[in-house]
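Chain by chain, the residues:
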Amino acid sequence: MDKLKLIIKREFIARVRNRTFVMMTFLSPLIFVGMIMLITWLTTINKGELHTVVLFDETGMFTSDFKDSDTIDYLDYSELTLNDAKDSVVINQLYGLLYIPNKASNSELANSIQFYTDESPNAEILTGLESVISSKLTDQNFQKKGLDIGVIKDSKAEVSIQIENFMGERTSKMSNYIKMIFGGAAGYLLMMFIVIYGNMIMRSVIEEKANRIIEIIISSVKPFQLMMGKILGTSFAGILQFFIWLVLGTILIFVLPYVFGLDASGIQTAESIEIPGKSKEEIQLILQDILKLPLGMLVTSFFIYFISGYFLYSSIYAAIGAAVDNETDSQQFMLPIIFPLMLGIYVGFFTVIDNPHGAVSTIFSMIPLTSPIVMLMRIPFGVPWWQVLISFLLLFGSIIFMIWFAAKIYRVGILMYGKKPSYKELFKWLKY
Amino acid sequence: MVNLLEVKNATKRFGNFTALNDVSIQVPKGSIFGLLGPNGAGKTTLIRIINQITLPDEGSVYLDDEPLQPIHIRDIGYLPEERGLYKSMKVGEQALYLAQLKGLGKNEAKERLKYWFDKFEIGHWWDKKIQELSKGMAQKVQFIVTVLHKPKLLIFDEPFSGFDPINANLIKDEILQLRDEGATVIFSTHRMESVEELCDHIALINKSKKILEGKVSDIKRAYRSNTFEVGVLTEDNDALYAAINDQFIAERADFRAIDDQLKMKITLDKEGTSNDLLQYLSTKGQVLRFNEVIPEVNEIFIKTITNNG
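These protein sequence lines map, in sequence, to chains A and B. Its first residue numbered 1, the first sequence is counted upward by one per residue in my numbering. Its first residue numbered 1001, the second sequence is counted upward by one per residue in my numbering.
Hints in this document: simulated from the structure, not taken from any laboratory. Quick caveat: nothing in here was measured; it's all calculated off a predicted structure. Mixed in with the good hints there might be a few duds.
[Claimed, not checked] For lysine-lysine, the following DSS-like pairs were computed, each having C-alpha atoms within a straight-line distance of at most 30 Å:
| no. | chain 1 | residue 1 | chain 2 | residue 2 |
| --- | --- | --- | --- | --- |
| 1 | A | K3 | B | K1270 |
| 2 | A | K67 | A | K156 |
| 3 | B | K1150 | B | K1090 |
| 4 | B | K1220 | B | K1270 |
| 5 | B | K1128 | A | K9 |
| 6 | B | K1215 | A | K222 |
| 7 | B | K1090 | B | K1135 |
| 8 | B | K1303 | B | K1008 |
| 9 | B | K1215 | B | K1152 |
| 10 | A | K9 | B | K1110 |
| 11 | A | K424 | A | K408 |
| 12 | B | K1087 | A | K420 |
| 13 | B | K1207 | A | K419 |
| 14 | A | K222 | B | K1207 |
| 15 | B | K1029 | B | K1090 |
| 16 | A | K3 | B | K1150 |
| 17 | B | K1090 | A | K9 |
| 18 | A | K3 | B | K1119 |
[Stated by the list, open to error] Below, a sample of chain B positions facing chain A; criterion: calculated Cβ distance under 7 Å:
| no. | residue |
| --- | --- |
| 19 | D1075 |
| 20 | Y1078 |
| 21 | L1085 |
| 22 | Y1086 |
| 23 | K1090 |
| 24 | L1101 |
Even for Gly, the Cβ is constructed at its ideal location relative to N, Cα and C.
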């Protein structure tokens, strides 16, 4: 036990002292937050751009309906000839020209309006123009048929379906998205963790082989101890890194906006743009939804699946590291890791979100190699306890098996130099 | 003589390949035991079994009359042939880590390391990284780590490879001194001159089987061929050579001498004694050189392996 502690300590220190590790730890949050800032800022710039649209309205009905906004200035060139108007748009480098011809009927008019522009027009602007014209024409049509617009507007009914479950609790329409975000984030995080730290473990095994220190060490400790020490030591380094990322990221997200005043307003506009469609009540429902998620279950199962999934994969990584002499050779054994991980993520993001309790989702949340990711994604949607139990037992069993398997490969592999083993040979090693 | 280590009927198979076939050796306490054999004979497998890195399929190992157990790791010091150190770890930290893995306490390990670093005059390396040291320098550190915990049994696999002659000598002297202090040494190598120089016992392994084991002097006695190297001063070398060849099995030999003498290797039959030969020769001329040809370990090695091949 003391030896295991020594190994864990050494591995931890070796990882943490590594220059790349230190850089990644402190730069990643900066880069990440920087990216968010950049994107927000770019969006703000885009939003702030003012377009000038020239109107050429032969009917003269619409001019008063186009009102200048933050993003569009309207100029009325209806007095000129169409060609002059076009020319002046080109010469003055304006955004475009809206041509509304004079037609006999509204229905004919509706299909003959044109927008001249050099750029491919912004969809938002186009929709804006269309909706102005369309509501004006609709109103005119109503009037022609002798209907009172006031009455029509009064009789319009806004429908918003309220969602409620059978326990009588109301949920927001966002409920599914929230569950999706929670599950998706957890699953994705696990995959990233496995890939980043699994690779680290593999590299450190290869390093020991390449340095030829391995035989000196295993004359003092059991290969199994060394392998477990590596996995644990590297995981602790990983947990530390994640923790630092979390803290730094949070601090940066709150601090940076104050440092760059402009960006702060940028973030706020971004928020206010997303939310205006939803009422206060809706936002409250969202918060309620988050609180109503089985948070205890969520956190517990997150830890259980995170740790088990990580152990399952990192022992495979360790075995691969032991089987090869250098990182290039490891590529051929990557498939058994990458394939189930990808499968888990795809099943998670497509099937689970579509139908969290369907057959495909259920099966993949039972199969050990994909279950950590898929189950993590399913859990926010509420999974029957017996399914979680079966899935966990299967996972636990396969961890035991995989660690045993990896230890066998590891024990033989670390002393094999100079040849690139095939899968067939790996299975032979099990019998050594 | 008491044996420190006994391997009894060890067999190890890797798939269809038998790496060790029913091998037994006895390593007497306080001896320097040479483990010899061509490449791929199974030496490393045997050494790994003694170090509990691999378990034998059959057979057993006894250290000090106790069946080998994990606790014995601290009684064994092993310098493998494939050896190295963590490149980016500091020398001192690394030595401390490896010593602690062997079961030494931190403070004790530090003290002993200081002693050895002073002895080898490498104290200033403590904070250097291995990648800054040369191969020979790194090997000194490895040697220290191997012997630091004062093991009863030291196992060196090709210990001199990578050392310049000066350092090789330094290590050789250290090995001898450790032996004098009571340690038993197993020594696996291809370099026969160092075997000749150091070992008092040897075992020869070929094709996964032990084919020879014993005290070096006993083995030499068994392999002596009643051959003598002789130098005789005469008038006519060729005539004497022809005459001698009639009575004995002789061949021309070559060694350094001042006079132009007849140089020969003469092999007697089993009944013949050196005195008979000497008497005969003294009647033919002036005998300037007369000594028994003692078989070298190298010869024995090659001969045994060719015969068993």
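Tell me, in ascending order, the numbers of any earlier hints that this structure violates.
-> Violated hints (numbers, rising): 1, 6, 15, 19 and 23; every other hint is consistent with the structure.
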